[in-house]
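Participant: Here is what each chain is made of, one letter per residue.
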Amino acid sequence: MDLKELYQDIILEHGKSPKNFGKCEKYTHEAKGHNPLCGDQVHVYLKLNNEKNVDNVTFEGTGCAISIASTSIMTELVKGKSLETAKKIVIDFLNMIKNTQEIKSNDLDEDQKIKIMSLSGVKQYPMRVKCATLAWHTLTSAINGKKEEVNTEVID
Amino acid sequence: MDINLIKSQFPIFTKKIKGKPLVYLDSSNSSQKPTSVLNSLDYFYRNEFSNIGRSIHSLAVNATNKYEETRTSIKNFINANSKDEIVFTKNATESINLVASTFGQENIKKGDEILITELEHHSNYVPWHYLRETKGAIIKFAPINDDGDIIISKLKELITSKTKIIAVTHLSNVTGTIVPIKEIVEIARKKNIPVLVDGCQSAPHIKIDVKDLDCDFYAISAHKVYGPTGVGILYGKKKWLEKLPPYIGGGGMINEVNKDKITYASVPEKYEAGTMPTAEVIAFNESIKFMESIGIQNIIKHEKELTNYALEKLKKINSVKIIGNPKNKAGVISFVIKGIHPHDISTIVDEEGVAIRAGHHCCQILHNRLNLSATARASIGVYNTKEDIDILCKAIENCRKVFELK
Numbered sequence: 000m001d002l003k004e005l006y007q008d009i010i011l012e013h014g015k016s017p018k019n020f021g022k023c024e025k026y027t028h029e030a031k032g033h034n035p036l037c038g039d040q041v042h043v044y045l046k047l048n049n050e051k052n053v054d055n056v057t058f059e060g061t062g063c064a065i066s067i068a069s070t071s072i073m074t075e076l077v078k079g080k081s082l083e084t085a086k087k088i089v090i091d092f093l094n095m096i097k098n099t100q101e102i103k104s105n106d107l108d109e110d111q112k113i114k115i116m117s118l119s120g121v122k123q124y125p126m127r128v129k130c131a132t133l134a135w136h137t138l139t140s141a142i143n144g145k146k147e148e149v150n151t152e153v154i155d
Numbered sequence: 000m001d002i003n004l005i006k007s008q009f010p011i012f013t014k015k016i017k018g019k020p021l022v023y024l025d026s027s028n029s030s031q032k033p034t035s036v037l038n039s040l041d042y043f044y045r046n047e048f049s050n051i052g053r054s055i056h057s058l059a060v061n062a063t064n065k066y067e068e069t070r071t072s073i074k075n076f077i078n079a080n081s082k083d084e085i086v087f088t089k090n091a092t093e094s095i096n097l098v099a100s101t102f103g104q105e106n107i108k109k110g111d112e113i114l115i116t117e118l119e120h121h122s123n124y125v126p127w128h129y130l131r132e133t134k135g136a137i138i139k140f141a142p143i144n145d146d147g148d149i150i151i152s153k154l155k156e157l158i159t160s161k162t163k164i165i166a167v168t169h170l171s172n173v174t175g176t177i178v179p180i181k182e183i184v185e186i187a188r189k190k191n192i193p194v195l196v197d198g199c200q201s202a203p204h205i206k207i208d209v210k211d212l213d214c215d216f217y218a219i220s221a222h223k224v225y226g227p228t229g230v231g232i233l234y235g236k237k238k239w240l241e242k243l244p245p246y247i248g249g250g251g252m253i254n255e256v257n258k259d260k261i262t263y264a265s266v267p268e269k270y271e272a273g274t275m276p277t278a279e280v281i282a283f284n285e286s287i288k289f290m291e292s293i294g295i296q297n298i299i300k301h302e303k304e305l306t307n308y309a310l311e312k313l314k315k316i317n318s319v320k321i322i323g324n325p326k327n328k329a330g331v332i333s334f335v336i337k338g339i340h341p342h343d344i345s346t347i348v349d350e351e352g353v354a355i356r357a358g359h360h361c362c363q364i365l366h367n368r369l370n371l372s373a374t375a376r377a378s379i380g381v382y383n384t385k386e387d388i389d390i391l392c393k394a395i396e397n398c399r400k401v402f403e404l405k
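Protein chains in written order, with numbering that gives the first Met the number 0: chain G, 0 to 155; chain C, 0 to 405.
If you are wondering where the hints come from, they were derived from the structure by calculation, not from laboratory data.
Mixed in with the good hints, there may be bad ones.
[To be verified] Label-pair distances were calculated between CB atoms; the ranges are: (1) S7(C) / Q100(G): 46 to 54 Å; (2) N94(G) / N307(C): 46 to 54 Å; (3) E386(C) / I113(G): 39 to 47 Å; (4) P35(G) / P10(C): 50 to 58 Å; (5) P35(G) / G273(C): 28 to 36 Å; (6) P35(G) / E105(C): 30 to 38 Å; (7) P35(G) / T274(C): 46 to 54 Å; (8) C23(G) / D145(C): 32 to 40 Å; (9) C23(G) / H128(C): 33 to 41 Å; (10) C23(G) / S7(C): 24 to 32 Å; (11) F20(G) / E291(C): 52 to 60 Å; (12) K393(C) / P35(G): 55 to 63 Å; (13) K25(G) / I247(C): 55 to 63 Å.
Quick reminder that beta carbons are idealized off the backbone N, C-alpha and C, glycines included.
Extracted from the complex, chain C is given alone in its bound form (with noise of 0.2 Å):
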């Protein structure tokens, strides 16, 4: 695969920052959008646009077969049963959001737990939270290694007569570690718990399989897979799409209103009230196309090489240690130099147009854990060079000069 091909597919590549060249390394935050997604958004709006759903009209019926096709190709992206089963949502937070509001109301009493684990984003802590406030549930937290891999001993040992729902994620965006999603899902099975993954990281990166993962619910956001802003997937088993109550109420929700009683519509469209994203939506078909035009398994081989590269080289500088070793990582690099602040090695190095994030990373769990209150993290995404990686760590030497540090 030809990178610099795979590269000038992504027009924000040509400007400078600070009049640099840009070296995006914050693709765990959001990904960069190819020409495809962005003329797919252009066009539409050009030159189909129409609401999806009720209308007749020719515009309609074009931009509801458009609609339906991305939701095919999401299908078939993640290996789901049936198209039936992937929800559009807002993105990743709300289908998390969906899961514990509406499983929650019909499945969680005083005292039921809720298991997850400390590798939590806080989308996939906050909602569950929700639940403990209104319902008095418990909320139990795998515990992590000091390499950044959950304990799966100790998750077996949380699980009780009162787990109802267990929710983990399937690549860590501090850790980079690749979670063992069916060795869960199996010990869950035993117990006849459900299993919600937190797909968010992980969709841009690895093999999704649904049907091999046997998980009861997968949350997507599309602008991390090179898609729009405003479109999230969720992938429910259908046994619980049907079962579980509608989330939000209004338009394209509903099977019939009366005055004394309203009927919904089936899955997914009873999840999908109010006009969706519907441009965003179809544009995000173009992501998964040019995903597939790389290969997930050439994109695998890919991240890891630079990964690996990344590692090496950044060990190599003095006072520079990465957060986490776990055993399966993904492109996802935590780290923190003694003697420099994590904010101030961000605004040094984007001096030279280099792109990190610093901060907890929305996982102040995980931070406490390992007893930091802020970390650099530099993520990589398909359009990263080994060069990209060579001015990052330049930049990071600078950091150490500028701190004066020997």
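Only chain G is shown next, with the shape it has when bound in the complex (with noise of 0.2 Å):
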């Protein structure tokens, strides 16, 4: 398999400039992942509106380019949409991860499959599967308002 596959220019970029990078204000839901195996770190902070739609979600942390730039993709892609599609497209991307199924989501626009499909490479690299997935269950943990850290060892 070619490297590009893995890393194309999508990720390097998200890698390199995060998009929704910081700690925002007011945020209602947050939760922190970590993948002992790498040491990645993640924390991200939600925040919902009283109709459940959510209005910004950001995060901080450090980690590989696959995990930095999972999570830039991730923010960029529930940020706007109602709590129930923010979980349906967190499903999506695990099952395309994991279960090599394709995106059947109707609430991504054709740019916003781009980017999620941009991560799919991973599937060829099984060590580097997590990088990609700490992100997302973190981001269920807070909505779910789980109080202890995710931990790829566990869930994954």
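Two chains, two frames, a set of hints: combine them into the complex.
Facilitator: In structure tokens form, the structure reads like this:
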């Protein structure tokens, strides 16, 4: 496999200059995630409004290009969506990474589908899958109001 | 010494990784195995297999003799006084756990201090942490400087009347620092404090002389010394092994068993309960013979040359930073590249057949001290060549290309 399929331009760009990086104001939910195998850490902040829409979602953390890019793309995709839609996108993504399914969601536009599919190369690198999924599990944890840190060794 | 001849003794180097010849630079993690070790395992299981110890039949006698021959080889390899000072364990981690547990039972009480260093692998920290949890012991960390050398004057200052044991690595698996064990033992001796040395990294790369070091305990893993997995060594001065309580209970470690009383075997059997990894212990003898056939001085010379060559070449690559610059460095080279995470480096160089490690290498304390979350690590074994280093450097250049670094 060509390395460029893993390290696509979209991933390199998001890895270098992640979107929605930092702690957002007046967040309503938060969760931390950790991959003890490689030390990747992520802290997701989620702001839901009264209508249960994702007003804002941001993150802080350290990790490899795959993990940072995946987190950055995730925040872009769920921002502005309803909570239910956000949950569906997370499930779609995890299915795509783990069960090699296509993205079925009608909630993403073409540009967003390209972004999410840019992470599909990770499937070919089993040791790197957890780098890509950490943030998505952490977002789920934030939504569910879980207190304990997400640990990729426990959930994946 | 002819490296190609040495390399040809390792069948794994005929294999291709992603269509490329294997460049194995992860020997600090575990070493590859020469044919003699593999043949010994196979031969023993096919032709000579028996458990050791009590049985009287011919196979058992032969197996027991061969098992004990390895003990004698190890005794000579590390220059111990007696083969009774050599205990077989599962690995160096178990060796350290054995000492922490048995020494801790008898000698550690609330408020007592255990002195380790910021260089330690988790295997020489976590076992002592158990004593912190169960006994209320205090763990102190002798600091290192930015070069990765232990600051001996600070270590000295951390010793108090409550210091009960000092546990220190002989060779760092991150910075490659060769620690002046003799100096530390001399300091400890004046205060009558025993010293445990984690020799997991040093055993394949430098001369070990426990008599000269005068340490009380020394831990080794066979799998890092070109030997099989599942075997470790604990060297302990006889006075300690005789004095400390047993560790794991079961068959083989007893003298007499009654309903109301059990007496234990003498050392080293006291610490070898249950069926041991017999074939692996016997095969380990072949790794010692392999090392001795090359000669430790030749190994040191070859690896030193290769380390210097690698350091020079790596330093020339833009944005590569070598971690640590210790006074005395072995072939363990950790590095970071600005703008590329170590895991991405590892994935990219793997495409060229290059095996390195990325992460905290079981040394989170050290990485925190150096303000790093992860590093990439190339570590050298006796079979590595300058060509391996050239391929590594080319693969690193490729990382920069993939990441479009200037």
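Participant: Name the hints, by number, that the structure is in violation of.
Facilitator: 4, 7, 10, 12
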